[in-house]
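Student: Listed here are the chains, written in short residue letters.
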Amino acid sequence: DQQVKQNSPSLSVQEGRISILNCDYTNSMFDYFLWYKKYPAEGPTFLISISSIKDKNEDGRFTVFLNKSAKHLSLHIVPSQPGDSAVYFCAARGTSYDKVIFGPGTSLSVIP
Amino acid sequence: ETGVTQSPTHLIKTRGQQVTLRCSSQSGHNTVSWYQQALGQGPQFIFQYYREEENGRGNFPPRFSGLQFPNYSSELNVNALELDDSALYLCASSQRTGGTEAFFGQGTRLTVV
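Going line by line, the protein sequences match chains U and C. In this text, residue positions in the first sequence follow this note's numbering: the first is 1, and each later residue adds one. In this text, residue positions in the second sequence follow this note's numbering: the first is 1, and each later residue adds one.
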């Protein structure tokens with residue numbers, strides 16, 4: 001039973017365009033959401049997060065949108081750069097500082 | 001800059017053997033979580049340690065066990081290895097009360113043959 005879903009295993013985008021990565025979750029108890037980026041042979045690196053009390057959080061080129069009623073969040077990267085090519089994991093956790101549940105990841109390729 | 005280090009980076013073991021993986025937390029972090037990442041999947045939560053006590057466990061059998069030491073470093077032990085235990089094992093450290101995000105190490109690639 002996958003509580004965090006990323007239905008697109010891969011995405012290709014031209015350099016300079018917008019990348020949109022989507023994530024859906026099923027557990028309404030989740031109240032904090034995170035995006036991690038992973039390069040080959042490295043551990044995941046924290047990118048950006050959003051609390052359930054917000055619907056948008058922005059950090060430079062990265063913006064995360066949360067639609068609680070739809071149990072959906074998305075990560076926008078504008079403009080996309082070749083160095084953004086990596087696997088992106090959506091993750092979620094509950095109110096306590098306990099386990100973080102990860103989605104299966106989306107592999108983003110930014111084409112120069 | 002994460003500061004989380006894991007050892008070894010790669011390991012090959014035989015089915016039935018036991019393995020110990022190690023993790024050194026980032027300075028100032030008091031919580032360590034361990035994850036298993038199989039090929040093509042996202043990291044799966046194994047368990048978390050806070051102040052040397054297990055604080056939450058995922059859907060893993062008891063042959064997966066761990067320790068956290070007073071300096072907040074940690075070990076993951078797996079007994080009676082099975083072929084399906086082959087995966088990347090990730091350690092993540094965080095500061096529980098500070099609300100900081102978890103920082104991951106580079107992982108240990110375990111292959112069971």
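Derived from the structure by calculation, the hints contain no laboratory data. Keep in mind it's a predicted model, so treat the numbers as computed, not measured. Check each hint, because a few of them may be wrong.
Straight line, CA to CA, 25 Å or less: simulated SDA-like cross-link-like pairs of lysine to any residue [said to hold, decoys possible]: (1) U/Lys5 / C/Leu39; (2) U/Lys54 / C/Phe47; (3) U/Lys68 / C/Gln106; (4) U/Lys68 / C/Asp84; (5) U/Lys68 / U/Pro82; (6) U/Lys71 / C/Gly58; (7) U/Lys5 / U/Asn22; (8) U/Lys5 / C/Gln41; (9) U/Lys68 / C/Lys13; (10) U/Lys71 / C/Asp85; (11) U/Lys71 / C/Glu101; (12) U/Lys5 / C/Arg57; (13) U/Lys5 / C/Gly40; (14) U/Lys54 / C/Phe69; (15) U/Lys54 / C/Ala38; (16) U/Lys5 / C/Asp84; (17) U/Lys5 / C/Phe47; (18) U/Lys5 / C/Lys13; (19) U/Lys68 / C/Gln18; (20) U/Lys71 / C/Ser86; (21) U/Lys5 / C/Gln106; (22) C/Lys13 / U/Glu42; (23) U/Lys71 / C/Gln41; (24) U/Lys71 / C/Gly40; (25) U/Lys5 / C/Glu101.
Student: Could you check the structure against the hints above and give me the numbers of any it violates, in ascending order?
Tutor: 2, 3, 4, 5, 9, 10, 14, 15, 18, 19 and 20
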